[in-house]
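K.L.:
So the chains spell out like this:
4 protein chains.
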Amino acid sequence: MIVVMKPGATKEQVQHVIDLVHDYGLKDHPIYGTDRTVVACIGDKRSVDKGAIENAPMVEKIVPILAPYKMASLEVKKEVTQIAIGPGQFKIGGTKVGIIAGPCAVESAEQIATVAASVKEAGCVGLRGGAYKPRTSPYSFQGMGLDGLKILAQAREETGLAVVTEVIGLEQVDAVAEYSDVLQIGARNMQHYPLLEAVGKTNKPVLLKRGMSATLDEFLLAAEYIINAGNPNVILCERGVRTYEKYVRNTLPLSVIPALRDRTHLPIVIDPSHGTGHAYMVPSMCLAAVAAGADGLIVECHPDPEHAASDGAQSITPQVLTELMDKLRRVAQAVDRDL
Amino acid sequence: MIVVMKPGATKEQVQHVIDLVHDYGLKDHPIYGTDRTVVACIGDKRSVDKGAIENAPMVEKIVPILAPYKMASLEVKKEVTQIAIGPGQFKIGGTKVGIIAGPCAVESAEQIATVAASVKEAGCVGLRGGAYKPRTSPYSFQGMGLDGLKILAQAREETGLAVVTEVIGLEQVDAVAEYSDVLQIGARNMQHYPLLEAVGKTNKPVLLKRGMSATLDEFLLAAEYIINAGNPNVILCERGVRTYEKYVRNTLPLSVIPALRDRTHLPIVIDPSHGTGHAYMVPSMCLAAVAAGADGLIVECHPDPEHAASDGAQSITPQVLTELMDKLRRVAQAVDRDL
Amino acid sequence: MIVVMKPGATKEQVQHVIDLVHDYGLKDHPIYGTDRTVVACIGDKRSVDKGAIENAPMVEKIVPILAPYKMASLEVKKEVTQIAIGPGQFKIGGTKVGIIAGPCAVESAEQIATVAASVKEAGCVGLRGGAYKPRTSPYSFQGMGLDGLKILAQAREETGLAVVTEVIGLEQVDAVAEYSDVLQIGARNMQHYPLLEAVGKTNKPVLLKRGMSATLDEFLLAAEYIINAGNPNVILCERGVRTYEKYVRNTLPLSVIPALRDRTHLPIVIDPSHGTGHAYMVPSMCLAAVAAGADGLIVECHPDPEHAASDGAQSITPQVLTELMDKLRRVAQAVDRDL
Amino acid sequence: MIVVMKPGATKEQVQHVIDLVHDYGLKDHPIYGTDRTVVACIGDKRSVDKGAIENAPMVEKIVPILAPYKMASLEVKKEVTQIAIGPGQFKIGGTKVGIIAGPCAVESAEQIATVAASVKEAGCVGLRGGAYKPRTSPYSFQGMGLDGLKILAQAREETGLAVVTEVIGLEQVDAVAEYSDVLQIGARNMQHYPLLEAVGKTNKPVLLKRGMSATLDEFLLAAEYIINAGNPNVILCERGVRTYEKYVRNTLPLSVIPALRDRTHLPIVIDPSHGTGHAYMVPSMCLAAVAAGADGLIVECHPDPEHAASDGAQSITPQVLTELMDKLRRVAQAVDRDL
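Residue numbers (this note's numbering), protein chains in the order written: chain F, 1 to 339; chain E, 340 to 678; chain H, 679 to 1017; chain S, 1018 to 1356.
Any given hint could turn out to be false.
[To be verified] Listed next, the in silico DSS-like pairs over lysine-lysine satisfying Cα-Cα at most 27 Å (straight line): (1) S:Lys1028 / S:Lys1044; (2) F:Lys77 / F:Lys91; (3) H:Lys705 / H:Lys728; (4) H:Lys755 / E:Lys585; (5) F:Lys246 / E:Lys389; (6) F:Lys27 / H:Lys705; (7) H:Lys684 / S:Lys1221; (8) S:Lys1023 / E:Lys416; (9) S:Lys1221 / S:Lys1108; (10) F:Lys246 / S:Lys1028; (11) F:Lys27 / F:Lys91; (12) E:Lys666 / H:Lys769; (13) S:Lys1263 / E:Lys585; (14) F:Lys50 / F:Lys61.
[What the hints assert, rightly or not] Where chain F lies over chain E, by a calculated footprint (3+ residues, C-beta under 8 Å): (15) 391-402; (16) 475-485; (17) 504-515; (18) 524-533; (19) 557-565; (20) 642-654.
[Unchecked claim] Here are the computed distance ranges between Cβ atoms for each label pair: (21) F:Thr95 / S:Gly1177: 34 to 44 Å; (22) E:Gly364 / F:Glu178: 28 to 38 Å; (23) S:Glu1138 / H:Pro735: 24 to 34 Å; (24) H:Asp1004 / S:Pro1024: 27 to 37 Å; (25) H:Ala762 / E:Asp677: 56 to 66 Å; (26) F:Glu178 / H:Asp697: 53 to 63 Å; (27) F:Gly145 / E:Leu413: 30 to 40 Å; (28) E:Ala568 / S:Val1097: 47 to 57 Å; (29) F:Gly145 / E:Asp665: 48 to 58 Å; (30) S:Pro1081 / H:Gly838: 38 to 48 Å.
FYI, nobody ran anything at the bench for these hints, they're computed from the structure. Glycine included, each C-beta is placed from N, C-alpha and C at the ideal position.
All chains should be built: construct the whole structure from the sequences, respecting the hints.
P.N.:
See below:
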């Protein structure tokens, strides 16, 4: 941490800051520049709220230097973590790019059976589908619950696909962990810490979605909560962020791929469905994500999007998915990977 | 809802959309303009995901017309809801503006006793303070828990102030409801629906903070969840939104005050501490909020901000609070209200 | 400037950075912390692009310390600059808050005569109105040009109000300087540097609007361009920034008032019309701005907003303005100022 | 346009809106729904400011239906416009993806000769380089001006590359048009309308950069200004938008590629240098852009980025460029295009 003093800070004011730095258990290292004084603070104290020093007289700002997370960082591990999922133990984070597809919500056994067969046939490794749905409106369809989980488990049985499904509350963690292969934490719950700790105590991989306006630090600290609770198998999922742009549901910032690769060893999956909100944009964003180095994709796919119970506008059909897979494979190979 | 067709949509494509509109239980009303056709859809179906229609061929966009919330809206109730809080039964939403102050976190009985006395003396009506702290980092101070709640209850006993404190998980709802007067839902939990439903089943008023990039529709739908679960006493709290601006922790959009007043009957409280992130900005934003018509303020105040366990940078001292209260009263009177 | 090295940077890599620091004419001051090395750079070189050092191996980031502007900063001048405008030489930046009002565009001599009389009668000090209009669409009304300027000058003659009008291109600077009292630089032109330099060579005060997503540094650097060209009379104008929020045309961040006051001696004017985009929100934002310490307001006012050639949605009527002025005066007095 | 009335609007209030609609030369078509009335307005009047109707009593909002631009839209032309640039008349918008590279600023004849040779050798079709630099700070390097233009023209002579360079003011339009092949309008000038009109009167193709927080409508209206002035050869360039994200200089929203393709016939070029701000992110974003369907790339490339006069942090070296070109070609072929 660096404390930057305002121009004109007196010796006493600098000393007051130095005293505060000591109070926080850090060593001071003042530097007297041409225009102003800065106090570098030495020591690894990630847990204290040093921002408080900003309140001292004539302090202009506090500049943090250390990343606030540790176990998720490259300081701990250099190579990408590979996380095996589902019956096939496909390794997310390996050379092959894993494609996960399926509907927003589980609507019926027939719907899932149809989609799962198509998804498998197209060459995907995972099946997504929500049994518990966090809905913005209390009047929207809230999911099939436990019945939905059983339908998903049945589809896994039949196809060998890894089942990825969301857990929205503490009370469902056990059931979701029992019936599925990957526990998804949705964007709205990225900072619901009790839930992060609960999935951190299971032995199932966690797909952690980035909050809709979370910073990378906040995203990696959420992963740190899960790892810190005992579960190192965290898959990071970018699903777009909220910006001023209106032609998309969210803005999909693919530069998180190199940025996260520069900061963390955790594998990275992209969700171009929520990342755009419109089915017609999904294929090109899938191709772009793979070209940029994503370790996987998670895509909404519905046999009849015009009648989908949720997220119809952003769901592609099984036919579009099948055609897309061929191009995805070619792009993956062009960047020395494969599907 | 209005379905806008692309230019060149054929009669069959328009008919396909009309059929879909019927599938969703709505009546169609097509309008043939100079350049394009739009299909107005008539009927009150707030619960279905009509976005799916966007997937039909040659549909350009879907324009919603109805607000998605109902009980929180002015359609149901025109006058501002007054919500009585604490031992004094001060009415948030009445003519008087209610000021709530206190530290970010309960740190000790002494700290709270000191602050509570100052807050009471300054003329505030409520005491804030977190016993359970949702912290971005797993390594940060997480709050005193039940002991913190008891300390707050003791302060209420001594001062008559209403206690406002956050509940971050389902398992604490009962305890927080027992010891406090107002249950706060933090910004990070604004869309944690199980928690909204749980506080909706208590009989204590709820202070609902707007999520850090929530739209007004999402904010009011979160309120709707609580009301829908049985608790009509929801106080809306704006605490700033995330934007590209870096000189503040959050951007405080005071225009939500007239905008919410135009949409909802629920009372509106402003949090200029999180809304700016810097103590030196807090007094002017308090004055601005009252001038703009806020029903209350919630302000972080700490006897020794330089050593605060959390949010020190944005906490004002009791002395600054006392001086501010006098100006706040004058501004309130200038807009025909009072403290 | 501080150069932060990544963990594991070798001695040679640190030395390479130190050599670069010297190449840029700065002195190095390396600090060896527990986890990483940082190189503080000493010397006042605001003009070089030091970001280039980021490209050196094992550099994590560059942290600037000095503000990039100088003449606009408090380092040069502590007290607020007072800028006298118009025939009455009203001082923007003095104790009194100056209210400027008028239509978006000059539409006719009658329209301006009517508005100017109302604006004067209400107690305002300035008349706004666009003769040259920068319009988003080439098909929109582009202003009356020179005729519009003459109409405004005539209104000044009759009322004594200071005329504030926009200059959108180099070729109009002379004419606008001749006929008006304050040259407005619109938000879209905040970074059109040739124009900033041109108005910097006139002897008329400049009202500089903040760009719609400009940072405070960029805003103050635009002011610096004007001052650097020879014109110290720059009035800063906040008109709202672009965010994800949709219920407003722009989000009005009133915390710029304390933030700018903490950084610059230039006076601050708020534009709640563009800052909200909706007439019904304008009065409360005017009151809030004055409570927060604004030195002035610039408000769109039209006798018949429903038929205005531009910005009708955000224009208040003369009647609303008149009623508002009384409340504004009371709020100004409540914060120890006046109108 | 659709006018949405508030619930409870009276017959007279609806009639008042209908009268206004007529005043604006439109035909009315009222629809009486279950909860509220909407008035659809029929007629093609893109030039009037219909927002004014929002001011009428009991109007909730105005929903525009028509796109505000016309000549840039697909309504006028379905197939992608191909724009031939430079001595080689490479067609931007054709099957082949055109790569343009070069330094941010022209610094010397030697620098440009070196870069141009590398850029040509690597297989690019254009050379970028700024002779006139719009700089945020008045103290930064402002470019070599006319000498810089001559250096670029010399490089074209030697390599056959198309020269792309920025024009920042009216007074340089002629010179830039004389010496270069493509006139670049920078992001800061996207809404400087006099300049758009001036380049619209030249016969050189224009590369129009999207403003840093422009909407797609504003972007396409800026293109419309140029086309409307007589120049149909507009290349759209996305260079990232400003968001809350801090790990990048700008957020690069690659979903503009399918979104623009859905709205306009103009070709699309991506600038991953400004779109990220960091050299290490540039290669993956180049690959992603080509996979997503970009018609071209414009990339900053400098032989010695650590000493670049500007934008050093985001410039890749000629060596990185050369290695990248091979991968780009493979990705282009994977999506049925080529370099």
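K.L.:
Could you run down the list of hints and mark each one as holding or not?
P.N.:
Verification of the supplied hints:
1. Our distance criterion of 27 Å between C-alpha atoms is met by Lys1028 (chain S) and Lys1044 (chain S), whose separation comes to about 18 Å.
2. Among the hinted pairs, Lys77 (chain F) with Lys91 (chain F) is consistent with the structure: their alpha-carbon atoms are about 18 Å apart, no more than 27 Å.
3. The hinted pair formed by Lys705 (chain H) and Lys728 (chain H) meets the criterion: a straight-line CA distance of about 13 Å does not exceed 27 Å.
4. Between Lys755 (chain H) and Lys585 (chain E), the direct Cα distance comes to roughly 24 Å. Compliance with the 27 Å bound is thereby established for this hinted pair.
5. The suggested pairing of Lys246 (chain F) with Lys389 (chain E) holds, with an alpha-carbon distance near 18 Å, which does not exceed 27 Å.
6. Pair hint Lys27 (chain F) plus Lys705 (chain H) holds up; C-alpha atoms about 23 Å apart against a cutoff of 27 Å.
7. Pair hint Lys684 (chain H) plus Lys1221 (chain S) does not hold up; C-alpha atoms about 46 Å apart against a cutoff of 27 Å.
8. Distance restraint check for Lys1023 (chain S) and Lys416 (chain E): the Cα-Cα separation of roughly 14 Å lies within the 27 Å cut-off, and the hinted pair is therefore satisfied.
9. For the hint pairing Lys1221 (chain S) with Lys1108 (chain S), the CA-to-CA distance comes to about 14 Å; that is within 27 Å, so the pair holds.
10. The suggested pairing of Lys246 (chain F) with Lys1028 (chain S) is violated, with an alpha-carbon distance near 34 Å, which exceeds 27 Å.
11. About 44 Å separates the Cα atoms of Lys27 (chain F) and Lys91 (chain F), which puts this hinted pair outside 27 Å; it is violated.
12. Taking the CA atoms of Lys666 (chain E) and Lys769 (chain H), the gap is about 25 Å. The hint holds against a cut of 27 Å.
13. Restraint check: the Cα-Cα separation between Lys1263 (chain S) and Lys585 (chain E) comes to about 9 Å, which is no more than 27 Å; the hinted pair holds.
14. Straight-line distance between C-alpha atoms of Lys50 (chain F) and Lys61 (chain F) comes to about 11 Å, which keeps the hinted pair within the 27 Å bound.
15. Only when three residues or more bring their CB closer than 8 Å to a CB of chain F does the claim for the stretch 391-402 of chain E stand; here the count is 6, and the claim holds.
16. Judged by the Cβ-Cβ criterion of 8 Å, the stretch 475-485 of chain E is covered by chain F as claimed, because 6 of its residues qualify and three suffice.
17. Restraint check on the stretch 504-515 of chain E versus chain F: 4 residues with Cβ-Cβ distances below 8 Å, three needed, restraint holds.
18. Only residues whose C-beta sits within less than 8 Å of a C-beta in chain F count toward coverage, and the stretch 524-533 of chain E has 6 of them, enough to reach three; the restraint holds.
19. Counting residues of the stretch 557-565 of chain E whose CB lies closer than 8 Å to any CB of chain F gives 4, so the stated coverage by that chain holds, three being the minimum.
20. Three residues within the 8 Å Cβ limit are the bar, and the stretch 642-654 of chain E against chain F gives 10, so the coverage statement holds.
21. For Thr95 (chain F) and Gly1177 (chain S), the Cβ-Cβ distance of about 40 Å falls inside the hinted range of 34 to 44 Å, so the restraint holds.
22. Distance hint check for Gly364 (chain E) and Glu178 (chain F): the Cβ-Cβ separation is about 37 Å, which falls inside the suggested range of 28 to 38 Å.
23. Distance hint check for Glu1138 (chain S) and Pro735 (chain H): the Cβ-Cβ separation is about 25 Å, which falls inside the suggested range of 24 to 34 Å.
24. Checked against the given bound of 27 to 37 Å, the beta carbons of Asp1004 (chain H) and Pro1024 (chain S), roughly 33 Å apart, stay inside it.
25. For the pair Ala762 (chain H) and Asp677 (chain E), the beta carbons lie near 38 Å from each other, so the given range of 56 to 66 Å is not met.
26. Separated by about 60 Å at the C-beta atoms, Glu178 (chain F) and Asp697 (chain H) satisfy the suggested range of 53 to 63 Å.
27. About 35 Å separates the C-beta atoms of Gly145 (chain F) and Leu413 (chain E), a value consistent with the hinted range of 30 to 40 Å.
28. At roughly 53 Å, the beta carbons of Ala568 (chain E) and Val1097 (chain S) sit within the given window of 47 to 57 Å.
29. At roughly 55 Å, the beta-carbon separation of Gly145 (chain F) and Asp665 (chain E) lies within the given 48 to 58 Å, and the hint holds.
30. A hinted range of 38 to 48 Å holds for the C-beta pair Pro1081 (chain S) and Gly838 (chain H), which are about 41 Å apart.
The structure does not agree with the numbered hints 7, 10, 11, 25 stated previously, though it agrees with the rest.
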